[in-house]
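Colleague: Let's have the full structure, built from the sequences with the hints guiding it.
These protein sequence lines map, in sequence, to chains A and B. With this note's numbering, letter number 150 in the first sequence gets 150, and the count goes up by one each step, no holes. With this note's numbering, letter number 609 in the second sequence gets 609, and the count goes up by one each step, no holes.
These are computed hints drawn from the structure, not numbers from a lab. We put the beta carbon where it would ideally sit given N, CA and C, even for glycine. Don't take each hint at face value.
Examples of chain B residues toward chain A, derived with CB under 7 Å [claimed, not checked]:
hint	residue
1	429
2	662
3	667
4	675
5	677
6	678
7	682
8	683
Each chain, written out:
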Amino acid sequence: MKVLRTAWNTRWVYLAALVLTLAWGLAASTIAGWMTEFILGPFGGEADVEHALARLAEVVTHNPELGVGIGAGAVLTAAAAWLGWTLLGGAVFFAARGDALAQSARGAVQSAGPLAVQGIVHAVLTGLALLLVSVVFGPLPGVFRLLGLLVTTAVAVLARDLVRAQICLHGLDKPYHPRATVQGFVVAVKRPREIAITAGLWVLKMGLALVLVPLAARALGPSEASGWLRLMAGLGLAISFARLAWLTHWVPVELEPPASAPDDGAQTAET
Amino acid sequence: MQRARLGLCSGVVALALGACDGAAQPRSVGLNVDEPADPLRPVAQRGAVPESARVTDYAIDAKLDEETYRIDGLERITFRNRSDAAVDHLALHLYMNAFSAGDTAWMKEGRGSHRAMGQGQQTPWGRVEVTSIGVVDGPGGLTLQPGEDPTVATVPLPTPLAPGERIEVDIGFTTYLPEVFARTGYKDDFVLAGQWFPKLAVLEPDGTWNNHVFTFHSEFFADFGNYRVILDVPKGWLVGATGVRTADEEDGGRRRVTYEAAMVHDFAWTASPAFVEHVAQYEGIRIRQLHTAETWQQAPVHLQAQEEALDSMQARFGPYPWSTITIVHPPAAAGGAGGMEYPTFFTSSPLFEIPLAAQDVVSVRLDGRFTTVHEFGHQYFQGLLASNEYEAPWLDEGLNTFANTMVLDDSPQGDWAIKVMGHTLDSGDLLRLDMQRLQGTAVVDQRADQFAETEGLYGRTVYRKTAATLRSLRNLVGHERFDAAMRTYAQRYRFAHPSPDDFIDTLTEALQDDASTPGVVALDDAVALDVRDWLHQGLRTPRSVAFAVRWVENRRGQSQGGWHRDEGGTWSRTDAGDPGVEGVVVLERSGGFVTPVQYAIAFEDGETLEGWWDGVRTTDTLLFPGRRILSVRIDPNRHLELEAKRVDNHRFALGEAREVTTEGDIADLAEAAVLAALLGVAP
Ligand SMILES: [Zn+2]
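Modeller: So, in structure tokens, the structure goes:
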């Protein structure tokens, strides 16, 4: 119940995030639609459902700028989103502990610097860890390597969540020192229960993200996909928010100085 | 059609039955089908084989040295002069010499690599050396005179060979196999010997030799005949070859296997101690697959492809005449040997396996099973209809590619090549995309060495443009009519050397409505298709097919009101009633290829009118007084697979509400991509 209440606290931040997300998606959809209409002129209305792929392939191969535009849009979105979510991720923690929307936003802005820097450190460390695992597990059968990569990713997700929660809710003495993220990994590794829950929710969210493009592909032709796309994006976001909110229940953890046998039980956040 | 589907026996079953030699994987999987006694199927199944087609017989005794990959051989060639003139010399292919140096015709084109595989480090070069040559029971030795390229040579005869006479020549030779990168050669303990023995060129009916050098894209043109080949390999090596195995003896550390083939124009073989054998049977044809440990579990999939190819091709092009098919799956390290055809024998490529979980998202059929369909297809278009690959490569690769798409179409799964989320790309879709890449620059009917080997132009033109041309014509004149014409061609030129003109003449004659209007097929009362001209445009010109709906509108109808003079010269005025509406359509042919095309006009009253446009002028206007048009479509039934750009084939009438299918699809995909990116990096 307590977790649910905490999650409910984040509703305004969630709504803000949802509106931003859907607006961004709508903008992309509208621009792509205009581009296509402009390129095709009076043509392109042929609803040949059985050859939908061929029709799209023809339009894109004759007009590669269309494909490049959509690809570039997605990449730019990912880059911009990384910055945006770094801020919003902070706001979720403040909101989860009961701060008002404006207060949460202020808190997120104040923590933005450390969140961004630790985010970059985390990205680098995660990359290295994945590389190491794939090299070490290289000689083993593929299924082991896949398992190793999955576990590493799960640990990395938890480590990032931990560091972010710590920055927002308790602050760090040296908020820009990479050691905080390193320590996040060290602490995360020792918490299999939290790893499992975090990873589960993260995988669920990623699963929804991965299914979006195939879903749109499935609906090629006269059927409409956008409603489903938006619903799934909203659901994925909600799962993300729930994960972060849940985490506030067992910070702080000692990220600095080096951990000395961290507490095994869940700790309650000071609210 | 009945066929035996008994060969699908898993390796586990084979192990349980003890059909293995105790190694990690079984040595033999599938049915225990006896080697047929005769290399040809019974007459009732295969039809007659004209005795006149038998020109050159070979008896070869060859020994493989597995340490040096050297083959020492002695062959006796029996040649019948079936031309109208006496010949004073023989012409020989020494095709292994294509790999003898960097400046051979083959290497100049290939630059030491083939299908992205480069020459080996250990033994980059291969060659064949004639060690002795002489007429049997004749006077002394003959001399070999080198040709323009090391792959050809001539041998002057002591006395001219008169028409109808035959001659026997003994040739001693040594072949040094290269490390395989282009079909023939060795890798570790795997040997695939193609183009490995001195072979006669083709004597044309006028008594001249047609002896082309071995170039990058062409290697076949030879006469039919019988082969008896003894292969001496190390004991424990499994051998596969053209024809049937008629003897198999072990002697000390060696194994001597005899193969006999009838009415074939080449002979290839393979040997390895690592082969796993999979045997099955189809209407008395023994289908033998030779795998290695890497791929033997894929045997049933290839077998299914092979059976589907036999089902389709026998029905379309007549019976497969031989009693065996050997499919070799080279190990990955010898991938350069994959995807190649020889009579009754071909090499395939591994399956491209998509993980089960992803198969609902993407599936492909254009993988190893398609290679099996394609290489088997050459048993007809090359093996049986033995056209000149140097002079007209499209007659085998192009007709074969056409036939391959028919195999897909005839198969129980239907014609699809790639599936993405339930949407399919079929053969026609893929050919259309290829036509776009060609951009109307390519002429099909050219010599193999006249194609610039850049950007895949050869494959796109010879294989795919030919297929798109034939499929388009088939769609225009009707499938049944076209299939019957192709059957006529395939029946007429079995065990023969058809030329491009033979093909065009046969189709022109077989497709026409009646002899009073030669080569003409009526599509409706007003529009007819001239087959010869159509094939000429498709095969011998670079013209591309392109149509568009140039204009559609509904304008005010023509008024009948106003002042008119009657017969008596008196002017009188009538009141203009409602002039009504008139639908106007302008059809446009923007491509150079002149072909009839269908159109479909959707009217507001719900009727859709289909008709044919002859496409002779570059634009034509159609008027429909009193009728309001919603939209117009050119080629609504997707006949013209040669047309790369279809998007302008459909147009809504000016001012009519347009559906936005394509815009909607692309907008949805863009939204999905952006939402996926946002959600993927979400906190
Ligand atoms: Zn081929």
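Colleague: Would you mind marking each hint as holding or not holding in the structure?
Modeller: Going down the list of hints, with the structure as the test:
{"no.": "1", "hint": "429", "result": "4 Å, holds"}
{"no.": "2", "hint": "662", "result": "4 Å, holds"}
{"no.": "3", "hint": "667", "result": "4 Å, holds"}
{"no.": "4", "hint": "675", "result": "4 Å, holds"}
{"no.": "5", "hint": "677", "result": "4 Å, holds"}
{"no.": "6", "hint": "678", "result": "5 Å, holds"}
{"no.": "7", "hint": "682", "result": "5 Å, holds"}
{"no.": "8", "hint": "683", "result": "3 Å, holds"}
Consistency note: the structure conflicts with none of the earlier hints.
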